[in-house]
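Visitor: Throw the hints in and build the complete structure from the sequences for me.
Residue numbers (our numbering), protein chains in the order written: chain X, 1 to 458; chain H, 1001 to 1458.
Calculated directly from the structure, the hints in this document are not laboratory data. Beta carbons are placed, not taken as given, at the ideal position from N, Cα and C, and that holds for glycine. Errors might be hidden in some of the hints.
Computed footprint of chain H on chain X, listed as stretches where at least three residues anywhere in the stretch have a Cβ under 8 Å from a Cβ of chain H [as the list claims (entries may be wrong)]:
id : segment
1  : 179-187
2  : 191-197
3  : 241-247
4  : 409-423
5  : 444-457
Here are the simulated EDC-like cross-link-like pairs (lysine to aspartate or glutamate), alpha carbons at most 16 Å apart as the crow flies [claimed, not checked]:
id : chain 1 : residue 1 : chain 2 : residue 2
6  : H       : K1121     : H       : D1103
7  : H       : K1121     : H       : E1139
8  : H       : K1443     : X       : D444
9  : X       : K443      : X       : D175
10 : H       : K1424     : H       : D1039
11 : X       : K30       : X       : D87
12 : X       : K121      : X       : D103
13 : X       : K443      : H       : D1447
14 : H       : K1443     : X       : D447
15 : X       : K424      : X       : E401
16 : H       : K1424     : H       : E1397
17 : X       : K443      : H       : D1444
2 protein chains.
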Amino acid sequence: MDQPDPAALADLAASLPDGVVVTDPDLTQKYRLDRSQDDAAGTPAVVVRAEDAAQVQAAVRWAARHAVPVVPRGAGSGLSGGSSAVDGGLVLSLERMRAIEIDTESQVAVVEAGAFNAEVKQAAAEHGLWYPPDPSSYEICSIGGNIATNAGGLCCVKYGVTTDYVLGLDVVLADGTLVTLGGKRIKDVAGLPLLKLFVGSEGTLGIVTRAVLRLVPAQAPRATMVATFPNVDAAARAVVAVRRTLRPSMLELMDRASINAVEDYRPMGLDRTAGALLLAQSDAPGVSCGAEVELMRAACEAAGATELFVTDDPDEGEMFVEARRIAIPAIETTGALMLEDVGAPVPLLPDLLAAIEEVAAAYDVRIPVIAHAGDGNTHPIVVYDAGDADSEKRAREAFREVMQRAIDLGGTITGEHGVGRTKKELLPTQLGPDVMALSRRVKDALDPQGILNPGAVL
Amino acid sequence: MDQPDPAALADLAASLPDGVVVTDPDLTQKYRLDRSQDDAAGTPAVVVRAEDAAQVQAAVRWAARHAVPVVPRGAGSGLSGGSSAVDGGLVLSLERMRAIEIDTESQVAVVEAGAFNAEVKQAAAEHGLWYPPDPSSYEICSIGGNIATNAGGLCCVKYGVTTDYVLGLDVVLADGTLVTLGGKRIKDVAGLPLLKLFVGSEGTLGIVTRAVLRLVPAQAPRATMVATFPNVDAAARAVVAVRRTLRPSMLELMDRASINAVEDYRPMGLDRTAGALLLAQSDAPGVSCGAEVELMRAACEAAGATELFVTDDPDEGEMFVEARRIAIPAIETTGALMLEDVGAPVPLLPDLLAAIEEVAAAYDVRIPVIAHAGDGNTHPIVVYDAGDADSEKRAREAFREVMQRAIDLGGTITGEHGVGRTKKELLPTQLGPDVMALSRRVKDALDPQGILNPGAVL
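Guide: Here it is as structure tokens:
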């Protein structure tokens, strides 16, 4: 990619307030990578740290005029390289747009794209309200990034994913036009459903600057169940049994390797000898450790659970959830990572987990697994030695093979992280030529110059 | 619109099995109108009653070749003229495609587009599962139509609308290509979110032939509350108060005119003297007439309810729900109808209802109101005398003015029925030129010839 003309860069800097436009390589360097640490990332020519939608529009108009690629960026916590920089491109950072307004009467949050998920949750909680979507990274990820990937999380097994909570969006299109879609209306079917087209489009169709998010009444107190199993297969079969009749508010799985990584990183009292652990919660109001948890306990026993622990103490429950949430950082301390996000229909969860074990053996790599098991969505984490070319090669092949095996099972290469740049190669295999062609038509209609996040997804 | 060439029609008939292609005017006449009885509807040249997706593809390919407009049609229960026929066009009826398969392990229903909503509910219930979306017309509307309009219903105040339950779609595109989007995976973000683009697109972007619908465990027993109020405003204020802290599973409003229409049509024991009635249900498990209903009762009392009745008897509760559901047929017996579907953010519900009363007075027309009040979605029903030109003119003006007043309040011209043909005129006023232009770009990208449901929505 060519570098933008220096005169054009000077024009951009002059058109925006001091400090918004950054070209100092020491600073722009920090905007190269997201959390996927994709080594194919380029070096941006310029970073715009927009303070409002009008500045986003100005930057996009400039980029359109000069045919400069634009990579939108929230908190940089993406796991698929969706905000990896492009050589000579413009990184459009939303990090400064963090305003949050809670409308208690309408039960919505009006949120700028750079606000963190945890900040929205906190602001809602101050009014007795709740924003459910909860990626494990909720303390460090932005709402804009959540919308870009249609992020999931732990409670979405019962409460759905990001798109289910998006009522309205302000979006800057590829020509700099700002459109407002939807709003504070709970139901609105006026016109084509364009709103939903932007949720999960990974910045390839437009740049979200603001969102109206649906809030719900605060979650009821949760009862927590922890069950250990001799192996992953037994735990997976318990998940299938639970999901056949129940709708827990959390149903997570950790395998032995991830349990031990967590215990090494921060001792939480997990059973290091367990083959797998299920962490489930029920928030069915008023029942506490009642009916739903008892049914889950019975399903786990029938599937061969070796130990079962139930509590309705919120702090005790949160400690186990925290153990689950720190799994990725914990595994990160054991090597370089390639994070998977493959999924399958829930009944095929045992097959998917078995396939992952086979791939680990075939390529001689470690692949600890954590999973939003109740959704059939797994995070196999391929660990490799960053300094060892052979290790990295085997990891890369295993990463690819895990996606292929998910596709073979009728699954998906990504349940919630997005395709970004690191999973793009297998997308045509999953979707097939007709859906790829349809995607391309939509992309071309909305971004005919192809300046929005080029190289991501398609 | 020109008529298709007779030789072309003969080709179409020859290419499909006997009885699929219908050109007999006595028969095609029955496919002119949907339930909106839009008198601007045209007369189709041909009706294709497809038996499978391949026949839909064949018909669309034929239409593309001969530039014949295609109006997709489910059960013909639409309320906005979305399946009104076009002169010289092809009506593509899905009425014969009714197969339903329940996958209990994945908790999904795989459903052909012509299956009725009630049939899907029934098939799911046989396995202890539940398909929540419940338009009042659920016994006579098709899943394909529900998907086309992103239909709502009574329980969506807690359980969401159709799009929240669509996991997968088979869609025939404007060139006859069949694409499969999504599937039995609960979470899947691989590629652009095209699936959601078709839910609510009213047959203008493609023709849905099959859907994978998410099912949930059977609903818990419901407690029912009926509250009467001296006037609509007091009832609306009670709704706002309830929604500030609670998430009931139903929150419906009827005004005095609709109460009396129901009592005239089928006496149900409703209080004819009430200014308005709220019908609420709670399905918070295990609480029966417990906490949630008690809180609703308190909110209604504070807002000035004159009578309050609470029951946890399911049959008694269902009787009130039935009274609400038959309101439209009941009002239909009192004159010709123009059905509104305007909505507003919930806190503005009192203002929207007041505006509707003002419009009724200004244009000297009767506008009974029923409302999915908990969603801010109202159905003012403009009643007129079909034989009286002046009455019809005033009704038409009032119909338009109600939409305009909703827009003025930051509301929508349609919450769940769709724009179709009868609400199209005001769509640009609601969306503005930029969103209209964006809509047109998407439409042109997917249907460059403009053969899919021309005249609807855009």
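Visitor: A separate judgement is required for each hint: does it hold in the structure or not?
Guide: Right, here's what the structure says about each hint:
1. Note: the segment 179-187 of chain X has 8 residues with beta-carbon separation from chain H under 8 Å; the three-residue rule is met and the coverage holds.
2. Here's how the segment 191-197 of chain X fares: 6 of its residues keep a CB closer than 8 Å to some CB of chain H, so the rule of at least three is met and the hint holds.
3. Counting residues of the segment 241-247 of chain X whose beta carbon lies closer than 8 Å to any beta carbon of chain H gives 5, which reaches the threshold of three, so the coverage claim holds.
4. Look at the segment 409-423 of chain X against chain H: 11 of its residues bring a Cβ nearer than 8 Å to a Cβ of that chain, three or more, so the hint holds.
5. A count of 4 residues in the segment 444-457 of chain X with a Cβ less than 8 Å from any Cβ of chain H is obtained; the coverage claim is therefore met, three being the minimum.
6. Between K1121 (chain H) and D1103 (chain H), the direct Cα distance comes to roughly 13 Å. Compliance with the 16 Å bound is thereby established for this hinted pair.
7. Using a Cα cut-off of 16 Å, the hinted pair K1121 (chain H) and E1139 (chain H) holds, with the two alpha carbons roughly 10 Å apart.
8. Using a Cα cut-off of 16 Å, the hinted pair K1443 (chain H) and D444 (chain X) holds, with the two alpha carbons roughly 13 Å apart.
9. Of the supplied pair hints, the one linking K443 (chain X) and D175 (chain X) holds, its CA atoms being roughly 13 Å apart against a limit of 16 Å.
10. A threshold of 16 Å between alpha carbons decides the hint, and for K1424 (chain H) with D1039 (chain H) the separation of about 15 Å falls inside it, so the pair holds.
11. In summary, the hint linking K30 (chain X) to D87 (chain X) is supported, as the alpha carbons are separated by about 14 Å, within the 16 Å threshold.
12. Between K121 (chain X) and D103 (chain X) the alpha-carbon distance is near 13 Å, which keeps this suggested pair within the 16 Å criterion.
13. This hinted pair checks out: K443 (chain X) and D1447 (chain H) have alpha carbons roughly 15 Å apart, not beyond 16 Å.
14. Annotation: proposed proximity of K1443 (chain H) to D447 (chain X) holds, straight-line Cα distance about 15 Å (limit 16 Å).
15. Distance restraint check for K424 (chain X) and E401 (chain X): the Cα-Cα separation of roughly 14 Å lies within the 16 Å cut-off, and the hinted pair is therefore satisfied.
16. At roughly 14 Å between alpha-carbon atoms, K1424 (chain H) and E1397 (chain H) fall within 16 Å of each other, so this suggested pair holds.
17. This hinted pair checks out: K443 (chain X) and D1444 (chain H) have alpha carbons roughly 13 Å apart, not beyond 16 Å.
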